[in-house]
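For the record, the sequence lines run as chains A and B. Here this note's numbering is used: position 62 in the first sequence is 62, and no number is missing along the way. So this note's numbering is basically just the index in the second sequence, starting at one, shifted up by 241.
Do not take every clue at face value.
Stated by the list, open to error - Partial pick of chain B residues on the chain A-facing surface, computed with a CB cut under 7 Å: (1) Glu981; (2) Ala987; (3) Gly989; (4) Ala990; (5) Gln991; (6) Asp994; (7) Met996; (8) Met998; (9) Pro1067; (10) Val1069.
Unchecked claim - Beta-carbon label-pair distances, calculated as ranges: (11) A:Arg118 x B:Met1004: 21 to 31 Å; (12) B:Leu590 x A:His145: 49 to 59 Å; (13) A:His145 x B:Gly1031: 57 to 67 Å; (14) A:Leu143 x B:Ala584: 27 to 37 Å; (15) B:Gly997 x A:Thr63: 16 to 26 Å; (16) B:Gly997 x A:Ala193: 19 to 29 Å; (17) A:Lys74 x B:Gly997: 43 to 53 Å; (18) B:Gly587 x A:Glu132: 47 to 57 Å; (19) A:Glu109 x B:Lys950: 44 to 54 Å; (20) A:Lys74 x B:Arg1060: 26 to 36 Å.
As the list claims (entries may be wrong) - Away from chain A, derived, C-beta distances all over 12 Å, residues of chain B: (21) Ala508; (22) Thr524; (23) Pro783; (24) Val892; (25) Val995; (26) Ala1070.
Derived from the structure by calculation, the hints contain no laboratory data. Backbone N, C-alpha and C fix where the C-beta goes; we use that ideal spot for every residue, glycine too.
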Amino acid sequence: MTETNQALIQITDMTKVFYTDEIETHALSGVHLSVNKGEYVAMSGPSGCGKSTLLSIIGLLDTPTAGRYFLNSKPVENLDFAERARIRNQEIGFIFQSFNLIGDLTVYENVELPLTYRQRMPSVEHKKRVMEALERVGMAHRLKHYPSQLSGGQQQRVAVARALAGHPSILLADEPTGNLDSRNGEAVMELLANLHKDGATICMVTHDPRFAKHAQREIHLFDGKVVAEEELKKLLQETSA
Amino acid sequence: MSGLLQDLRYALRQLRKNAGFTAVAVITLALGIGANTAIFTVVNALLLKMLPVKDPQRLVAVGDPNDVNGDSSGTPQTDIFSYPLYKELRDRNSVFSGLCAAASDHHIEVDTGEEQSANEKVTGRMASGNYFSVLGIEPAIGRLFSSSDDTDENANPVVVLGYDYWQRKFAGSPAVVGKNIRLNGFPFTVIGVGAPGFEGDVVGERMALFVPLSMQPEIIRGRHWRNSPHDSWLLLIGRLKPGISPVQAKANLNLVFQQALRGGYGATLTADDRRAIANGHITVSPGGGGLSELRGDYRTSLLLLMGIVGLVLLIACVNVANLLFARASRRNREIAIRLAIGANRGRLLRQLLSESILLALLGGVAGSLLAVSGVRLLVGMFGSGTVLPLAPDWRVFAFTTGVSLTTGILFGLFPALQTLRVHVSPALKDGARTTDERNSRFGLGKGLIAGQIALSLLVLFSASLLLRSLQNLMKQDFGYDRSRLVIARVDAVSAGYVGEKMKSLAEELVARLRNTPGVRAATYSKNGLFAGSESAEEIIVPGFNTDNARDRVSREDFVGPDYFRVVGMPIVAGRGIEVQDTETSARVAVVNEAMVKYFFAGKNPVGRQFTIDDPDWLDKPITVVGVSHDAKTNHLREQVKPRFYLPFQQVPDPYMIVLAAQVGGSPAGAVSNVLGQIKATAPSLPISFVDTLDQLVNDSAATPAAVAKLSGFLAGLALLLACVGLYGVMSYNIAGRTREVGVRMALGAQRSDVMGMVVREAMLLVIAGVFLGVPLALLGSRVLTSFLFGLKSTDPLSLIMVLVLLTLVAAFAGFIPARRAAKVDPMVALRYE
Chain A
1 MTETNQALIQ ITDMTKVFYT DEIETHALSG VHLSVNKGEY VAMSGPSGCG
51 KSTLLSIIGL LDTPTAGRYF LNSKPVENLD FAERARIRNQ EIGFIFQSFN
101 LIGDLTVYEN VELPLTYRQR MPSVEHKKRV MEALERVGMA HRLKHYPSQL
151 SGGQQQRVAV ARALAGHPSI LLADEPTGNL DSRNGEAVME LLANLHKDGA
201 TICMVTHDPR FAKHAQREIH LFDGKVVAEE ELKKLLQETS A
Chain B
242 MSGLLQDLRY ALRQLRKNAG FTAVAVITLA LGIGANTAIF TVVNALLLKM
292 LPVKDPQRLV AVGDPNDVNG DSSGTPQTDI FSYPLYKELR DRNSVFSGLC
342 AAASDHHIEV DTGEEQSANE KVTGRMASGN YFSVLGIEPA IGRLFSSSDD
392 TDENANPVVV LGYDYWQRKF AGSPAVVGKN IRLNGFPFTV IGVGAPGFEG
442 DVVGERMALF VPLSMQPEII RGRHWRNSPH DSWLLLIGRL KPGISPVQAK
492 ANLNLVFQQA LRGGYGATLT ADDRRAIANG HITVSPGGGG LSELRGDYRT
542 SLLLLMGIVG LVLLIACVNV ANLLFARASR RNREIAIRLA IGANRGRLLR
592 QLLSESILLA LLGGVAGSLL AVSGVRLLVG MFGSGTVLPL APDWRVFAFT
642 TGVSLTTGIL FGLFPALQTL RVHVSPALKD GARTTDERNS RFGLGKGLIA
692 GQIALSLLVL FSASLLLRSL QNLMKQDFGY DRSRLVIARV DAVSAGYVGE
742 KMKSLAEELV ARLRNTPGVR AATYSKNGLF AGSESAEEII VPGFNTDNAR
792 DRVSREDFVG PDYFRVVGMP IVAGRGIEVQ DTETSARVAV VNEAMVKYFF
842 AGKNPVGRQF TIDDPDWLDK PITVVGVSHD AKTNHLREQV KPRFYLPFQQ
892 VPDPYMIVLA AQVGGSPAGA VSNVLGQIKA TAPSLPISFV DTLDQLVNDS
942 AATPAAVAKL SGFLAGLALL LACVGLYGVM SYNIAGRTRE VGVRMALGAQ
992 RSDVMGMVVR EAMLLVIAGV FLGVPLALLG SRVLTSFLFG LKSTDPLSLI
1042 MVLVLLTLVA AFAGFIPARR AAKVDPMVAL RYE
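Chain B extracted, bound-state conformation (with noise of 0.2 Å):
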């Protein structure tokens, strides 16, 4: 232990002896540390922590666990459910302890009734009566509430409070226990709060309240979903009964399906939604950790992100070694002295590894402060709302001192075992370099540095590959142009539009917003585009046949007159949605491009009918009056699927409104003109968001965009790296060949031909790791596959992109110690030893 000791002590001093060697060690150690650092504390949040709850490994989600925040009419689903499906799968099945229900609304207006506090929108769960027994969490203060708070439709306005929002919005005060406060403008009673720490099952959203399911129309007003067999929107959580393993609830929660299907439940459907469900399965997954969209959109994403930033590390790793080496060189004497007295190599190899070890520890320490903020860059990629559990646990601190510890020793193994190869006797006599002088130009310093190029090659191209595929998804063609649109979506429902009045609510925001300053056209849609709301039908078209009513399944939207010419989609055969197309007036529809090639062979459709498979349709023929052109609606990559559209005015009850305006000038200048005549039309009207389309768009590309030019940043840092190696080994070896580049001068080179010598040599080792690093690119960027579009995992251009860059940079960085040597006195190198 005192020799341990002593070690360290000789360690410390050598680093700080060696203040620039240490500093620069420490700072490309850090960087590599705190990425990796950065990515996991993310990775851990995200993926691995588990819920404070009581023992959290015996909870399994039901149904997707990444669909938080889905809903959907119409066909029961088996992903997410609905609330008397719910009760079949909580009171027959026979594997869990409890299994409760959840769904979440993230805008809930609060009103405390002080008079100083505005109102403000929050995030709150509305969960079964079981919710908190089933988690196992207990109350902070007050009581939570149970199933006898969790019966009648609107029957319990009682609400629980999230710690947090507690301790934000009522500082704490135990006087909350019983105070009314208004949720959209309904009265609930605060009857508790819950534990410190916990937020909600669901990563990434921090829970302000919680009431029981049975008060939905009073949070998400408008709709009945509570009794609904027809609306699913709920996500599950059970509690495994002891000895009952996941798979194993997953068969029985199977089996009381097809049994509920067969019994009280399954004569609430017609018989075609018990056809489309009868094969369908009810997933169980490990619930400890939470439910969670962003795990869904991100897994993939972070994991490749921890997978370059695990070769930034390697990268950052050689580069200490090769300063490692270049030391090594230079302490033959001190090693040689301690050989000579009497010091065994396992003693000695164990003092040069503690040095690198402290090194590796020092970068662990800088790199776990750089990462608090690359931490924070990182959840920017995840939107503003998003709140992860960020704070560092014991598996961050594992992961931390693991990878530095791993980092020592990789790093600083076989420099040691080089700096222990020392011949004791010439070492002594006078400290010339006694190792074979070959080793000075081929040795495995260089044979490190073509690595690390090779490996910066693969991050560089991996790199190149999501940027241009980024590029791709923003530059292709979406059918329609973006650059001039504003889209604001409203929830007429909540607000009491149903049905006609809706109808005519839409026709006055558009007549409101034709007259706003700036804006040139305006119109409306029931989904519209990057909306976030999507639907389909089944439909019958006369002559197109199919046994499979999956295969007739078409989208659809309702749109208003002129909406084509507003929102820039050409229509390429017949008209668009006019306003003669009124609700008394023939059913019309445009079809797109995708569905005249689906479902009319690729034949003019203009003049042919269809029907949509609906008891309420199937008596109203639909006539095709024009083709347009396709177009992306709400994913920039998702291949244009057949669609039609309604004339709005047609459709009985269009659900929703979204609304289009083109505008003159700058789209975003324009946005709060447009949320300015919404609120003047509709002082109630709740609205979910006005942006500009561009900005939308951008949106749903924030995942790729953000991983793109994650990667291009962890790259640029790869390359730097590399960049610096080359330029270290270049130096030191030129410093070593002092003597040999005064001998050529001597002999008559001229200081280009020496310049010219040294860049060779650079760009030999970048040739060398080109060629170990283009096969490697090619293969790891396989992995890469299902980020790309538009392009291939072997996309030539981007492997040239990369070539060049690399090849400039490392010439770049070749060309300094070159011209470093070619500034060398032959005179003075000549008597340098």
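So that you can see chain A by itself, here it is in the shape it has in the complex (with noise of 0.2 Å):
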């Protein structure tokens, strides 16, 4: 209870199957996860191993097919969609690999995106939060610019800057530097390690064993399961021979 109350994510013996054409897949088999307030988690694992999915699962864009979930101590593996969407505008912020900014929007509005959807925020706050964001990134002399107009480091600082905008929970980072080159990844990951520095909770997805260092603990998935670093190495080296 004590270790429930402490941590931010509880995950317990969670699955996930997918069925396609009468084919179970299974993403995800028996999970158990943890992570603490102000922890930074790296899930690493070769392809196809269930990270993606196990982190949209974390970040209410999927459901799993059993097991248990509390994001704040509360359950939330069978909230409606409606419910997941108010969780994940208020407790949750993405970072994706893709950038995924929208393309006729400003940086200023694209930032700005996830308050708008918030119930009874006076634009004042708006434009206090999207600032501060901007600021932290170090994108906000760039507030009226189009995603096209930007590189894709600027513009992954911007995603960054609108996953921080809400003041979520946590920060769910997709492989954040996949689109990138290596200059602007490092320049990724070390604004992740600043955000971290400053209490954030960051939660990231990646398969670079480089940019997985800079995270507190690594988690290793391999077939829909979590491995320890050593059985990781022995599976793969088994799977290539």
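Bring the two chains, given one by one in their own frames, into a single complex with the hints.
Below, the structure written as structure tokens:
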């Protein structure tokens, strides 16, 4: 109970099965995971191991087939669409591999977007939060630019600012450096590290060991299961053999 | 050439491959092109087609070519002609190689003498002896009549059959030549058959037979118009001499007319008549297309409809252009490959245009098929007896092909140019969209939709004005209750009833009608209500002074006892015409309110007198005994003119009988009873018609009703097309923004937020369209001014109704893609690319 109170995310025996044309695909099988407040966790593993599925369930974009999921001590695995959307908006900040900025909105409007889905937030507060988030990522000077006028690294920094603007409990980053060159990738990782230093809880999916090292803790997934680092190496060797 | 064939082959393959797209585009174009072709076919038949005669461009119509069925007794006219005036013009002009005259009759009873063949009534043309030679018609068999067959009254009982009638009635038998048939009971000899395809010189009427003008008294019985200078009943067609223009012809004819007035022709007229027509002008207009009453009635309506269907086609083009825009973005990779392997943009443009033109031609073919049914519907608006030369000719073919090709280029060019703007390298790498993403939301497609909504607004507003105008027309105060009346007109003169005999017949008919089951009351008059005849007189009212005799003209009617009560026309002062108003009693009249206002300065005229300015009436002053409420008598749009009502029994020769029966139940049900009673009373009496007054009023509103209904239908089509366009663009737009929707949902957007976003965007387009469309509609509707009744071309209520309708329908069109967008699974959407 004590442990649950400390954990921001508490996942128990989670399973996710996809059904396509009568074929069952077990994306996750009996996953147990706990992420504490202020923790920086990296999830890694080979392609198709279930990293992104797990992140989607954590981000309430998807629901598990079985298992329990507590976010901030509240069960969230069986919520309806509207309630999940509300929690996503208030508790979770997403950073995507392909930035997913909206092309015809300015930098300011992109960052403001999650706030527009909140009820009764005054526009002064919107502005304050947007500027604060953009200043944190060093993009406050590009308020009126459109995404197409920015480099990939700048776009991802704007995406981070958007994730921060809502003051979420946790930042979920899905391969945040995947579409960036190494210099810009390092810059984004440094940004996440600084955010973590300031108290942010971060859960990041990556398959690049260099970036995984930025996290405090690394969780390894293989065939939908959480495995220890040594076990993962062994399994990978067996697979390649 | 081989490149073009290759383009067409490829275009065909592309269209086959995208069957759904092709079907939607072809149906959309077919609706637009079909509507245009249908209207144009009628425009062509009525306004453009030439008569199948020799050198039709050398023919001119003399007089008013629209007044085909007009006749006038009294003061001579110069828009239709008496036979004596025709002779003057024919014999004295120096501009025509020939000038012929003709008039129609629609009730010629033909008895072929065959026992098994029932008599039928047909339309025939009474024509001058030179009719066929002026027009340049050859006989199919036998001979056609000539000037030697058109001599003295009733001296030439010969008939030429129309080719179509000969085929139908006599199975095309050559033995018909020399055969005796009876027309209105009088024996005629068939001398020949007209050329195939020639149905007379009146567009919209198929002539079954032609007889010389000299036979008029046997065709229109009881009237001796042929030699009367006071009966105008003929229209003329002249063949210009080489080198003579219509303007020269007009000048010459008017000179001849003035000379005739001063010569022997003028001597046959009274001084008043000479004065009345001295300032008359004879008009000359192109006559190769024949004469037509329909042309005058429908010309502006058809041109208006042509404008409206043009807008509908434009809307259809925008729809297809938008479909092509949508498809263009999916073809980036294909186009990039073609460019990479060396195709130049001009070549690719030709290929893309081949596809759009092929699409338009397919739409043209489908549209032509639709037009066949459309034309049938359209012709319905002219009435059941109308026969128009609707067979498609080179003009219709050229129009449809031209419209299809123009349409193909119009909707194909911009999407093709957009397609060619692809950036080759990135498109080859991943096929991703390389145009600026901002275009997806504010692109040309959406601009076109706003334009389309603006055009739809114009069409809808026009239709709304016309429909509301029709409603005003039909709901106006007629001045009497028209829902309970049956009207019948009988041609007593042609059955030999004149003078006292006619008056007795009128009384007898009414007495029989009063005893007819379902009939509450009955009466009679000369002109009646919506019975198609009218008369007027110059009058002298003491105290009313004017120099111009035309300002002293008042309409008149001769009515039987109880007329006002039976037709429900209120008497607002004094009394109506009663039984005591006999031939021997004092001359009395009831006048209408318009007459009180105009001739009596609005003061109560009961007890005052006036005189008809006619030698027969000058010594018979008429005392006003009552004032009736103003009433519409023949035309829905007419401003009620001054009118007086005399007792039928006090008029020496009332000329016509129109019966009115007030019924207790359904007037439609009483029609056959009324008809039966008339036949029982006088079996030989020709009955022009028996119908409910409601139906007669509806018939008189046939043109505005048809135009309003057609424009309403076209407006519905425009609205449908615009909404399909809006739906298509929003659907395509949202499909291309699946990832964006996913991102928004990932960031916490509720389904209602997403729906709201899409509907808002759709409504923004509608608002943009409305901003463009309202000024456009207010400007465009000015051309409707002459069609409107009881409202202005800027009628705010019509505009509000249209805006509400457009907004609701557009919101619905935007709601469907919005609902689909709200169903996007954010997980799937984020994996989308």
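Structure-based check of all given hints:
1. Glu981: holds (5 Å)
2. Ala987: holds (5 Å)
3. Gly989: OK, holds: B:Gly989 within 7 Å of chain A, min 2 Å.
4. Ala990: holds (5 Å)
5. Gln991: At 5 Å from the nearest chain A Cβ, B:Gln991 passes the 7 Å test, so the hint holds.
6. Asp994: Holds: closest Cβ of chain A sits about 6 Å from B:Asp994, inside 7 Å.
7. Met996: Hint violated; B:Met996 Cβ to chain A Cβ min 13 Å, cut 7 Å.
8. Met998: At 10 Å from the nearest chain A Cβ, B:Met998 fails the 7 Å test, so the hint is violated.
9. Pro1067: At about 5 Å, which falls below the 7 Å cut-off, the nearest Cβ of chain A leaves the hint on B:Pro1067 intact, so it holds.
10. Val1069: At about 10 Å, which exceeds the 7 Å cut-off, the nearest Cβ of chain A leaves the hint on B:Val1069 violated.
11. A:Arg118 x B:Met1004: 21 to 31 Å: holds (24 Å)
12. B:Leu590 x A:His145: 49 to 59 Å: violated (35 Å)
13. A:His145 x B:Gly1031: 57 to 67 Å: holds (58 Å)
14. A:Leu143 x B:Ala584: 27 to 37 Å: violated (43 Å)
15. B:Gly997 x A:Thr63: 16 to 26 Å: holds (25 Å)
16. B:Gly997 x A:Ala193: 19 to 29 Å: violated (39 Å)
17. A:Lys74 x B:Gly997: 43 to 53 Å: violated (28 Å)
18. B:Gly587 x A:Glu132: 47 to 57 Å: Holds - the Cβ-Cβ distance for B:Gly587 and A:Glu132, about 54 Å, lies within 47 to 57 Å.
19. A:Glu109 x B:Lys950: 44 to 54 Å: For A:Glu109 and B:Lys950 the Cβ distance comes to about 49 Å; the hint holds.
20. A:Lys74 x B:Arg1060: 26 to 36 Å: Distance hint for A:Lys74, B:Arg1060 holds at roughly 31 Å.
21. Ala508: Answer for B:Ala508: holds, closest chain A Cβ roughly 89 Å.
22. Thr524: Holds, since 64 Å exceeds 12 Å.
23. Pro783: holds (84 Å)
24. Val892: holds (83 Å)
25. Val995: violated (10 Å)
26. Ala1070: B:Ala1070 not clear of chain A: closest Cβ-Cβ about 9 Å, inside 12 Å.
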